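If you're matching them up, the sequences are chains X and F in order.
Those letters in the first sequence? Residues 10 to 525, by our numbering.
Those letters in the second sequence? Residues 4 to 113, by our numbering.
Bear in mind the hints are in silico, worked out from the structure with no lab data behind them.
Some clues are possibly wrong.
[Unchecked claim] PhoX-like, lysine-lysine: derived pairs with alpha carbons at most 20 Å apart:
(1) F:K69 - X:K252
(2) F:K86 - X:K109
(3) X:K109 - X:K127
(4) F:K86 - F:K69
(5) X:K239 - X:K219
(6) X:K239 - X:K250
[To be verified] Distance windows between CB atoms, simulated:
(7) F:R28 - X:K271: 42 to 48 Å
(8) X:P32 - F:R60: 40 to 46 Å
(9) F:M111 - X:Q363: 48 to 54 Å
(10) F:R60 - X:D195: 24 to 30 Å
(11) X:R290 - F:K26: 43 to 49 Å
(12) F:R28 - X:E216: 31 to 37 Å
(13) X:R79 - F:R60: 36 to 42 Å
(14) F:N72 - X:D39: 19 to 25 Å
(15) F:R60 - X:Q155: 29 to 35 Å
(16) X:S391 - F:R60: 37 to 43 Å
(17) X:G218 - F:N72: 35 to 41 Å
Since the model is a prediction, treat every value here as computed from it, not as a measurement.
Each residue gets a CB set at the ideal place from its N, CA and C atoms; glycine is no exception.
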Amino acid sequence: LGLCTLRHGAAGQGQSTPAACSPQCRCDEDGGADCSGKGLSTVPAGLSAFTYYLDLSMNNITELPANVFRNLTYLEELRLAGNDLVFIHPEALSGLHQLKVLMLQNNQLKTVPSAALKNLHALQSLRLDANHITTVPEGSFDSLQQLRHLWLDDNNLTEVPVGPLQHQGNLQALTLALNRISHVPDGAFANLSGLVVLHLHNNRIQEMGKNCFSGLDNLETLDLNFNNLKSFPEAIQTLPKLKELGFHSNNIAIIPEGAFLKNPLLRTIHLYDNPLSFVGRSAFQNLSDLHALMLRGANMVQDFPSLTGTGNLESLTLTGTKIRVIPADMCEDLSVLRTLDLSYNEIEELPSFQGCMRLQDITLQHNNIQQIDHHTFQGLTSLRVLDLSRNQLRFIYHDAFLSLSALTNLDLSANSLASVPTAGLSALSQLKLTGNPAMRSSLSAKSLPKLRSISVPYAYQCCAFMACDSTPSSSERDDRTKAVDAEMERVPLVVHCSPSPGAFKPCTHLLGSWMI
Amino acid sequence: STDGPASCSSGCESCSEYNGCTKCRPRLFILLERNDIRQTGVCLATCPVGYYGIRNRDVNRCTQCKIENCVDCFSRTFCAKCKEGLYSHSGRCYHSCPEGLSTINSTMEC
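With the sequences and hints as input, model every part of the structure.
See below:
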C-alpha cells in the first residue's frame, strides 16, 4: 500500500513513478494518504506531490505553519478535524489551488482563519463547526466564490455574520445552529439567492426582522427549533419555495390567520412544544403538499381549523383544544387521511367520517361524545384502531360498526354504555369495556371470533370467553347450562379476559353486585 | 462492563466491553456500528461516507444519509456530494437535469 502512482490528470511523463508516502501514513494507489489518529503534533513530511486526499484528523496538531502544504498542489480534500488547532498561519494553505473540501471541525479556533482561506478559489465545502469561534472577520469568505456548503454550528457566535456572507451567491447549505445568536436582522441573508438549507436551531433567537429572510428565494429547509421565539416567524412569508419548516420548542403562543399563505409548497411543519393558545382558522389552508399536521395543547382554540386545499394530509393530530364541533364536511378536504387524533378536546357530536375512506386509526378519547350514529363510521373498511374511551357514550346504533371489517382494536372503556353492538366486528382482537357500570348483561363470544383480549365491567362477563374453574351451586348450574345451550358451537377461547372470575368473583351476578 | 477511559477507544468517555463506546467526549459524533446483533459505539470528528453528523445540545450522532444517489449528505434533506456521473441540484442528485435546467459539467451541477 505504500506506493502512490500517478492520478489521471496529474502532471507527469506518463510513466508510473513510485511516489513517496510518509512512514506515519497509509497511502493508497489513488493518491489518498490517511494519517489520522497517529498522535502527530505536526504535519508529516515526505508526502507525495500527487496526494489528492489527506486525512490528518484526530491527531494533536496545534498549529499550521506557513507553506506546510506548499508542494501538495493536487490536494482536493484536507481533513484536519479533531486536532487542537489554535492557530493557522496566513500562508499555511497557500498553494492549494485545487482544494475543494477543508475540514477544520472539532478544533480550538477562536476566529475564522480568514487570511489563510484567501487563496482557496476552488473550495466548495468548509467545515468550521465545533470550534470556539466568536467572530467572523469581514471578508472572511469573499475569495471563496465556489463555496457551496458552510458549517459554522456549535461555536460561540452571538450574531449572524451578515457582512462575511453577503457575497456568497453560490452558497447552498449553511448551518449556524448551536450558537448564541439572539437576533436575526433584516437582510441578514440578502444575497444568498442560492441557499437551499438554513439551520438556526439551538440558538437564543427571540426576535427576527420581518425581512430577515428576504433574498432567500430558493430556500427549501428552515430549522428554527429550540430557540426563544415569542411570536410566529412572520419572516417566512418571503420564502416562496419553503418545503420543510421547524420551529418546535420555542415560546410561540399564536399561529396567526393565513400564517403559511406565502409558503404553498410546505410538506412538513414541526411546531410542537410551543405554549400555543390560539391558531388562526385559516392558518393551514392551501398546503397541498402537507402530509402531517400536529397541533397539541392550543387550549384557546374553539374552532376546527379550515383545511380546504390541504387535501394530501395523511395524519392530523389536534388535541387539547376547546373544539366542540367537527365540521360535517371535514372529510371532503381530507380524503387521504390515515390517522386522526382528536383526543382531549370537548367534542360532543361526531359527523360522518365516510369520506375519509383510508382512515386506519381514529383516536377520540377524552371528549364529551354521547352517541354513535349508524353513519358515523360507515364505509371505513380500512379502520383498524378506534379509541372512544373516556367519553359520555350512552348509545351506539346497532349497525354502527357494521362496515368495520378490518377493525382489530376497539376501546369503549369509561363511558356510560349499557350494551355494545358487535355486528361487523369479525376481525376484532382487542375490546375494552371496563368503566361502563351500566353494562351488566353477559356478552356473546360468538360474534367476536378473533377476540384475543377483552376487559369487561364485571368478572362474570368473562365466563362467556374462558373456562371458569369455580364450582357453581345447583341454581348457578342451571344458569350455566342455559348459557351453554344458547351458544350452539364451541367458540375458541379468548387468550386474556379481565377481571377474570375466581373464588370471590363467581360467574353469577349476585344480588346486583358480584362483590357480595 | 469495563467503564473507564483507559480501556475505551479514542474520543470515548465511557464504554462497555460489549457495546464499545457508550458516551463520546463533547462535540464528537457517536457512530453505532452493527456487528450481527451487536451494536458498537465509535467516536468520530467526521462521520464516515454514507453518514452525516447531526449536532444537538445533548448528543451528536452520525446518521445514515438516505438521499437517493447521494454519497455525502449535508443534512437529512440536502446532498453535498452525488455519486460519480450524477448532477446535483438543490441538494438532490439527478441522472439528467430537471426540465428547464442545463448541465454544468465542470461542477456536475444543473
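(request) Output the numbers, in ascending order, of every earlier hint that fails for this structure. (result) Of the numbered hints, just 6 does not hold.
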